[in-house]
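Colleague: Using the sequences provided together with the hints, build the complete structure.
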Amino acid sequence: MTEETVARFDIRSVQVLSPDETVDEELVPDLTDDQLLDLYEWMKRSRRLDERAIALQRRGELGTYAPAIGQEAAQIGTAFAAADDDWLVPSFREQPALMVHGTPPEKVLQYAMGMEEGAEIPGGEGALPPAIPVGSQPLHATGVGWGESLQGRDTVAVTYFGDGATSEGDVYEALNLAGVYDAQTVFVCQNNRYAISTGIEKQTEAETLAQKAIAAGIEGIQVDGNDVLGVYRVANEAVEKARNGDPVMIEALTYRRSMHTTSDDPSVYREADEEAEWEARDPIVRFQMYLEDRGVLDEETKAEIEDRIESEVAGAIDRAREAKAEIDPADMFRYVYADMPPELERQFEAFERSEEAERVPDGGVDRDSGGGLDG
Amino acid sequence: MAERLRMVEAVRETLRAELERDDGVVVYGEDVGRAGGVFRATQGLMDEHPDRVFDAPVAEAGIVGMGVGLAATGMTPVPEIQFQSFLYQGFHQLAQHVARIRSRTRGTITCPMTIRTPYGGGIHALELHSESFEAGFAHVPGLQVVFPSSPAETKGLLTAAIRSPDPVVFMEPTRLYRSFREEVPDEHEIPLGEARVVESGEDITAIAWGSMLRETLDAADEVDASVEVIDPRTLYPLDTATIVDSVRKTGRCCVVHEAPRTAGMAGEITARINEEAFYYLEAPIERVTGYDVPVPLFAREDAYLPDADRIETGLRRALE
Ligand SMILES: Cc1ncc(C[n+]2csc(CCOP(=O)(O)OP(=O)(O)O)c2C)c(N)n1
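Chains A and B are the protein sequences, given in the same order. Our numbering applies: residue 1 is where the first sequence begins, and numbers increase by one. Our numbering applies: residue 1001 is where the second sequence begins, and numbers increase by one.
Derived from the structure by calculation, the hints contain no laboratory data. A few of these clues could be false.
Beta-carbon label-pair distances, calculated as ranges [what the hints assert, rightly or not]:
1. B:Arg1016 - A:Glu275: 30 to 40 Å
2. B:Ser1103 - A:Glu343: 29 to 39 Å
3. A:Glu345 - B:Arg1272: 23 to 33 Å
4. B:Ser1200 - A:Glu274: 57 to 67 Å
5. B:Val1197 - A:Glu345: 34 to 44 Å
On a predicted model such as this, the values are computed, not experimentally measured, just so you know. Think of the CB as a built atom: it goes at the ideal place given N, C-alpha and C, for glycine as much as any other residue.
Modeller: Printed below as a string of structure tokens:
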């Protein structure tokens, strides 16, 4: 009898811009100053949208909202690496990635205002709507990546999910199927260290999440998810590999700086010094210092960017509010089937009659009765 | 000794009592430990029983499927599924194993698991946080489907569910979690499979459970008739006798649920009334239900959910 090691694997981890501002010049991706500024502006824009959204939720204008504060580099760096006609297959926290890919911020807000209109895909934009069931959507991305290849195109699907999601069976199936079918898919796992209150150490005994790809026979790689240059570099390589039928899983190590959603209170499960530690590694601050050091960003440009963002976000809020004022509740019947079945037709007519009888007033339900957190 | 509790507190007190009573009880699920559950139903329990209250990874198939194994070793698993829609992720385990292990093994291995899960609309939650898939669970032979409609009912029914030798899907209406307080007795067990006549009446029988009971009671106050209001409390097993006796007396019936109409429980209840009380009926049985559409996001949710007005219309139609 013999005993031998039949498989070994390594997980590479990439960092270009370290928290202490040292830069690995060899690894700096080839981006123009304008592109660098673009990355910066997108990060600032999504942070601002999240801040405004939290405030709107507090005033009762938005429902439960999942901010991506702290995860901007992981999302924007990866979405930036995708081509305009590639697909984005998001989870529920991907407003930064979606916006880079062409989703107008008012759509994000409409969805958070409880309007199905927010999940409509604006013409030509390859994206699926937010997926609320954790870990369910990577399978769709495998399907997209496979479907594109079956049709002879080299279009790629980039999908997002969290550390918690890697515990769901669906995520493993997605990785495995992608390997089997050479799906043109990039899997972006944002390891922000928490699934609501549950820390990564209670989610898995695995040392890295990237190694979960190895079990599925595809490449897994780690990156400092708060380093937008590192993320972009890794994502760019992954997208190119996926175009050639080699799926890749990226584990972006990051931190969710604020609450899980607006109904969550992180102080119940997180220590303040841990939060402070990660505040010091904030992806925007870090990149801003880098751009200033390189002379790409000065005070004037910074002010211009901030003004532009402020007015864009304000405009998006106005447009979302206008759309909200015009919603038609009868819409819930219109998109369920291509041809409305007779029994639904009857329900629809009864609904319209009752609407006629007494215009159903908005609200009327005690919003606080549920209480607690949400998922 | 009775305390005035909210429904969510009644859940917690029941779990606390059952953990104390039986050291085979294990409480686990996503965020139930340190955070005490997203609705805080399990708050504090992990501190009291660190060896039997656990946070679980985000893995519903695992949470449900592991229950079969835990039960096989003699434990009584009481997992929480964070929202009912995410029980779909564990549905194959539920239907293929949890519900069948007793019959597959001719009674040698059983699964006395109680899966608690918040369900239903009315709290302006996210997409897929408001569903009521009760008929789907009731359709799986081997499962019991239980609905509390008040804090005291929660105590009585959850106690019975945990002590039941067979698996239970225990559906907690999110919108009642914190909506009112009620006296909840310390020791309280309500047998599964027994309906409650909440109000007696002579002219019409109204049937509603969980979140819809209070709306139905409100509607009953508005109609000019004597309404008998019945809360079945368990949809499987269903207390057909209480329903049939009532309809034989009143001759009229209106069934209310927030789940979609087609293949919903109102259809089953109507069929049972037809089988056993058809000649007593003076009018067709009315159904007031959700529509055959996905529960809309919250901006349109109020238009979807049956409310006292819609129930009142249903009652009037059945009274005509
Ligand atoms: C299938 C499923 N189970 C449970 C939930 C409730 N829930 C919403 S988010 C979440 C944690 C997800 O954590 P992770 O995947 O790490 O993503 P993050 O929220 O950190 O972005 C849970 C348990 C859900 N939405 N879907």
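Colleague: Between Ser1103 of chain B and Glu343 of chain A, is the Cβ distance one that fits in 29 to 39 Å?
Modeller: holds, 34 Å
Colleague: Does the beta carbon distance between Ser1200 of chain B and Glu274 of chain A stay inside 57 to 67 Å, or does it fall outside?
Modeller: holds, 58 Å
Colleague: Falls inside 23 to 33 Å, the C-beta gap from Glu345 of chain A to Arg1272 of chain B?
Modeller: holds, 28 Å
Colleague: Okay, Val1197 of chain B versus Glu345 of chain A on CB: inside 34 to 44 Å?
Modeller: holds, 37 Å
Colleague: At the C-beta level, are Arg1016 of chain B and Glu275 of chain A separated by a distance inside 30 to 40 Å?
Modeller: Holds, at about 32 Å.
Hint check: no violations occur; every hint is consistent with the structure.
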